[in-house]
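Peer 1: Next come the chains, spelled out residue by residue.
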Amino acid sequence: MLKDRIVSESDIKNYYRISYILFTILLFIALIVIIIRLYKVQIQMGEYYYDRAEKNFIQEVRLSPLRGRILDIKGNVIAQNRPSFNLFITPAFTKNYKKTLQTIDNLIGIPEERFQDIIDEIKKKKGLERFKPIRILTDLTFDQIAIIESNIEDLSGVEILMDSFRDYPLGEIASHIVGYVGEIDKKTLQEKNSKKEVYKQGDIIGKRGIELAYEDYLRGEEGKEYILVDAKGFKVEASEVQDYLKDKIKKIPPLPGRDVVLTIDIDYQRELEKMFDVVDGGLIAINPVTGKIYALISRPSFSPAKLSQRVSKTEWKNILSDPLKPLINKVTQDHYPPGSTFKIVSALAGLDKKIITENTTSFCNGVFQFGTRPFRCWKKGGHGSLSLHRAIVQSCDVYFYRLGDRLDIDNIFFYGRMLGFGQKTGLEIDEETSGILPNRDYYKRDKRFGSYHRGYAINASIGQGDVNVTLIQLAYAYAALANGGSLLRPVIVEEIRDPNNNNKVVLKNEPVIRAELNVDKNIITKIVDGLYGVCNEPGGTAAFQKYRIFGNNKEIKIAGKTGTAQVVEMRDGKNISDSYIHKDHAWFVGFADVENPEILVAVLHKHGGHGASGAAPYVFKAIKLFYEMYKGMKFEDMAITMNSETIESGD
Amino acid sequence: MDIFTKKHSNSDVIILGVLVSILITIGIINLYSVTTPRGIEHQYYYNQIIWAVLGLVICIPVIAIDYKKYEILSYVMYYICIILLIMVFLFGKTAMGAKRWLSLGIIQMQPAELMKIALIFILSKYYSDKKEVYTSWSIFKLFTPFLYIIIPFVLVIKQPDLGTAMIILLIGVLIVLFNRIKIFHFILMSIAGIGFAILAWYKFLKPYQKKRIIAFLDPDSDVLGSAYHSIQSIIAVGSGQIFGKGYMKSTQSQFSFLPEQHTDFIFSIFAEEWGFIGSVILLTICTLILFQILKISYSTEDLFAKNISFGIFAYFFLHFTINVSMLLGLMPVVGVTFPFMSYGGSSLISSMILISLVINIGLRKSRYE
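As you go down the protein sequences, you meet chains X and S in turn.
Per the working numbering, the very first residue in the first sequence carries number 1; after that it's consecutive.
Per the working numbering, the very first residue in the second sequence carries number 1; after that it's consecutive.
Incorrect hints may appear among the rest.
[What the hints assert, rightly or not] In silico SDA-like links for lysine to any residue, alpha-carbon gap of 25 Å or less:
(1) LYS245(S) with ASP51(X)
(2) LYS182(S) with TYR15(X)
(3) LYS40(X) with TYR79(S)
Just so you know, the hints here were simulated from the structure itself, not pulled from any lab data.
Chain X with its partners taken away, still in its complex shape (with noise of 0.2 Å):
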């Protein structure tokens, strides 16, 4: 083909044909390969590119809502907003940011630790990320606003930013009950965007108590605003020619949280965290009728506000190992063995099971001798001859260890869950734990037992040896025996209101029974007899705190329960120690009216040794507060003085 290299003049048309052939054909392939891609990226990937093209120029700012507010009944705030001022850095507009750092540092102090993880998240920042402002210090005092003020032109690309913060007027009252919020964490980021919510780093959420129940209805909803950003993720307005735009600049305002209201009275509530000033322990007021919460304590608290700001490493580490633990609520989230007052439980078994009668008498000695075991009575030297309701007056442990060994511990754990132990009681806060309630398969299945034995229906019968139970389960336990048998579930939240809609009720609680005792109506009678006579009855374990209290006041027939539980093993009927930690355990639950029940308060007193005088004080104050807030009752200041041991009720 190529011979032909020799041409003339003549000849040039046809060598340099072929060449014009080739080029032609190669120039409208590369329009038509041009046109393909064109093809692609306009039409086939067109709206992903119009879509990217979009998320350029209009970025999106998150406008946050307004969290909604906890109130109490009566409507006085325990949880809102205020106004924060929080001071910002934004690493492309500082220069040198760690000698800025030191300025702000030398000016108004920034804690030590905080420094550091500002450094180190600045350093992390690349790029467009470096124009996001990171927050340095949260809530500045207005001094320390001035001094910032006065000094900024030392301080490039620092600026003061308002936020909203969240603000608990009452300091640490109720503070179990409301909880307090913080800045979401890497777990539950991934768990919330899991379930398709819209949480993004950064972002306050509800961490504990009321706070982190009601999260859903207390963060509202988001609002949107589209802004116009240029290349360097600057704002820029539309200018005139550019009115196409102008829809494309949204604002969809965010809509504030929902209100949740509570069934505390925070006046009680204040009132009770005043009188129930013991270093480790619980406090549980309620409406023994429809399972409403009147108040909650949880000793020691915690300050709601602080915990909710950025907390130090250090400050944690202290909170988490404070050996008396400020964060367990002590009402629903830590068991206890509940002492004498499982004794209803023994009693009911004992009625309904027909093992014994209401006249059916035991003799105590002082000791139940158990194989070579003896099991020993609170009171030394022995009850004597007794019949039931004697022995809840009194509560006598051998009447209810001899009742325990022939009832068989499975019915002692039929019963008890009829009560509603070894279960969880519904309330929404905190994640309560469940106690524990052993049968015959809690000992077959541990290795720790090995096999079941009569001994531990003894020791349960008196609650003591594996029964565990929470403050909130005695409270519904008893509250089922003083409302005539309806095990209810409890209710801390009255309603939900919508401030975006009239204040619209948008949820409210009504009071829920989660079983009816199965019982006779007359067992239940004879043991609420019975712990009416704990209180007023001469021998009644708490009838002299009773009366220390109350006087002789008739009008308000109280009924109730003492409960020392061993921290310890006792030896030879005394405890091993006197020390703070190896003191027993006091517990008081307490209603009244009788017959028209209208408050029931139930309180743990950690290490605050018998039931009577360590439990059942705060309780009576509790109740007598009630009628005195609430029913306009005046009561005569008693004043007697406690020097009688014999008076001293063992439990």
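Using the hints provided, position chain S relative to the given structure of chain X.
Peer 2: Here is chain S on its own, set in the frame of chain X:
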């Protein structure tokens, strides 16, 4: 002045002139859109109008003087360009990490741009003068054109200006291919070219050039880094969809997501505002211009004129395809303008001069029939 007599004018020349005028007009309208909504001074499109008018004035003598008279300039122009490129290498002005500009008093120039034209001339001169090249297929006959191509190529790639160097190389190669070589020699050249490319990767390319090539191979790997231009360009083009966003509604331009939007990336903005339909029409106009040049080249029997007009075809073909390919993500981003539409006086005027030369040839082809 025989060019104005009807006898010599023909329809190919008129069509070419009309198509180029349309393209320049579209370019000015497009420049108005790129700058006005952002409130930038109107000087871009305004300057472009002035340059277009200036270009027209320069075109008149270029068309009027017989192209044969330019033939003698071939060697002079080439060697002057080589000297200028060496001067750039020695005294050039550094801008954005590269020495491309030569400052001659008030005028600043890029000798590399001029080199493209000088190369067309010297190769055309070579292939029209040395008729003995046609008498043998010896590979040694390729040695002279090889030197003509490779010397400016190396000088430009050292500046470094990868885009221009590639265009110089490809213009040369296309002219050599146009004059036909053995397929075996073509294969040998290709192997040598690939070998050189590998050598260049390790010896001549600056890190930012390598980054651009890597970014081209995997554009999403580094969104804010070197692939940024490529991605933003494709977003601009793609977001135009079928009918475009409408005139003066390019958000990629107005929010500065495309750098150099008025020069190298001008087609992206056009495609964003006018969509697939507008882009296809525009590219069809470009193709028709190229086809018209090819047609004129074919119809002349003068070897020098054939080679010159083919070289000009190669020049525009490479500019259009490389520019559009890089904006569509088919090629790495290199600095290549879109002729007639990209902002810039020297680009516009030199393009107009080249078209004038083709018109010149087209008007005089009958003389050699």
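Peer 1: Indicate, hint by hint, whether the structure satisfies it.
Peer 2: Consistency of the hints with the structure:
1. LYS245(S) with ASP51(X): Distance ~13 Å between LYS245(S) and ASP51(X) Cα, so the pair holds.
2. LYS182(S) with TYR15(X): holds, 14 Å
3. LYS40(X) with TYR79(S): violated, 45 Å
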